[in-house]
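Chains as they are written, first to last, in this note's numbering: chain A, 63 to 403; chain B, 151 to 500.
No lab work stands behind these hints: they were computed from the structure.
Certain hints may be false.
Unchecked claim - To give an idea of the chain A side of the interface with chain B (calculated C-beta under 8 Å), a few residues:
| no. | residue |
| --- | --- |
| 1 | ASP100 |
| 2 | GLU101 |
| 3 | GLU116 |
| 4 | VAL121 |
| 5 | GLY333 |
Where a beta carbon is used, it is the ideal one built from N, C-alpha and C, also for glycine.
Residue strings, one per chain:
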Amino acid sequence: MSTVVIDTCAGQEGGREALAAAAIASLDLDVQIVVVGDEGMITSTLQGIAHDAERLRVVHACDELPEDVNVRAAPPRSSVAVGLELTARDPDAIFISAGPPGSIVSLALHTLGRLPSVPRAALAAVYPTLRHRGPNDDPFALLLDVGATIECRSEHLVCFAAMGAAYAAKISGVERPRVGLLANGSVSSATPTRVREAHARLRDRDLPFEYIGLMRGDQVTHGDADVIVTDGFSGDVLVRTLEGVAATADALIRRAEERFQWRLGVQMLGGGIAKLREFTDWENYGGAPLLGVDRPVIVTQSNSGRRAFVNAIRLGAKMQRLGVIEAVAAGAAAVAEEPEL
Amino acid sequence: MSGEWMGSGHLLHLRWDLDKTYLRTEFDSMKDLIKTYRQKAEDKVAVSGARALLQALLDPHERRTRRVTFVSGSPTQMRAVLTRKLRLDGIEPDVFILKPNLNNIIAGRFRSIRGQVGYKLAALMRTYVEAVHLDELLFGDDAEQDAFIYSLYADILAGRVDAVQLASILAACKLYRQEVDEVMALHGRLYNSGDAVRRIFIHLEARSPIDRFAPYGARVVPIYNYLQAALVLHQGEVLRARDIVTVLEAMSQAGYTPERLSNSVQDLVRRGVVQVADVERLAAELGAVETTRGRTVSTFIRRLRTTVADLEHVRRASPEWLEEINYLGLYHSARFRRTRHRFFGIPLLD
């Protein structure tokens, strides 16, 4: 049985939403939950919500964790530090947090360690696409890295491609995931050196996935690729731009509802708009798994509500059940074994 | 009202509900009801640890000062199968009361078929045992109104609910005239007989939020499992460390992992029902008990120490004993929750 370690010092309502998700998971899922945070707040909140105390353990830790903290300077009793320590001790554990991503990545690498053959870890976000994939008909593609490794070399991008493909193969059940390299055009000569080199390495090699070459930003949402590989800087900019566009579209619809003449039209399109909102709602997709570390670590957005946390718990349990970490390690090893790397 | 436990030589009267308290029963749908009705005694399963706990409480050495009464909402037609089930578990109740539902149907008392207040309160009062020194422990669940009925019974005995108050509560509960007359007559006999109810354990079968039982005060102890009840009783010196081991082993055999068991202890510590120091003392006592399943106990102790170490800073005040309980308010809020659930589908747990 998986053990889900949840940081309850971050997320909506000062972590209470994370706690509510933990309570739901303790009742509905076959997992052991460890909630890490301010014990006083946790106990008083839990008294008012249905939960299964047999499946829920509380660990007190509430030092504040600053953003992008240096590992040596990190407070030892922060919920992230304590949670990762607990995760490191249990081979079946999963860690979930809505804390500062930079600090989580550095503390996770320090505490859990990198998988062999993985030079850099990557945060993988999912984004909804027009094309669905796999036996589950998953409506999203995997985009990595979205912020864990800002400066990348070509071999890092190759490793990201292998890790992303292994993840997608397990989670979405796609036999040979289609992997694309994000670029500013389809001609490699116009791309930065690291992308050009990575493109050459991926193109000239036998891979357990299908490398479809360079792809532009506008192709991301079409769903041409199951996995889109980029460096942490571009990935973070891309994913936030896409989220911003979705939020702006939503705001425009709300504005249209304020005008009497348009209200009727918006009402008639209500079902479709609701579906669109559901489709682009990031809370439905849980959080971003950190690939390349020795345990499932899922980073959710800082304003995550209980739905996002519950979905992150489900995702973490699925990663554990399907042996995603082992698959990612094997994928990374397969590309690292090549002599030219 | 006080948190005092029983003294030696007192008569200990145990009151148990059956379905969802002692037995694992499903009766959320008509299909479940039919299945339960047709089930053989051999197929009925006790809630993990319930049998071990009850057997420990009915220790043969103490049996002459112990008395057990079962008051169940199951129909009288199930007496044979339920008696057989208890006998298979090695339990001989002194009194076993079942609900006369067929009589209720024939007499047209349809509200009494689902309602529990009139039936259970009268049954508890009828089976009250007069003794110079009497202590009572009551066991129920959160699926029905056990905390409400048991607390009302305890406060009648303690002289905290007089006839006027009781009449208005029974009126709000919409009891039939015959039921009201019986309860009021029994009230006249038992009012102010003595503050005998020591604890009311409510098995959280439906996993209701703990806060829902706070208005009843510290006398009502919501429990997720019977290890928690055993620990509270050990703290009150009703059970010995080896009884805890028996309950522990029974639950372990039923599939409880050391994590789940130690998490339940941690829950009691966080709620202030037991203190960290009590748990440390218990761990030492358990370690000294000889058992054939030493590994189960030692793994539990190890896990318990780790889990409690997470909370070594916690010094939580014990829940308060309440002098006055607003029964009418509690009844109406429970009714509101049920109505909301029935008409708007809002989960009962929210």
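Can the hint on GLU116(A) be confirmed by a CB-to-CB distance to chain B that is less than 8 Å? Hint holds; GLU116(A) Cβ to chain B Cβ min 4 Å, cut 8 Å.
Hint validation: VAL121(A) versus chain B, beta carbon distance must be below 8 Å. Holds or violated? holds, 4 Å
Restraint satisfaction for GLY333(A) [CB to CB of chain B, less than 8 Å]: violated, 21 Å
The hint names GLU101(A) as touching chain B; please verify it with the least Cβ-Cβ distance against 8 Å. At 6 Å from the nearest chain B Cβ, GLU101(A) passes the 8 Å test, so the hint holds.
Holds or violated: the hint that ASP100(A) contacts chain B, with Cβ atoms closer than 8 Å. violated, 11 Å
Against the hints set out earlier in the document, violations occur for numbers 1 and 5.
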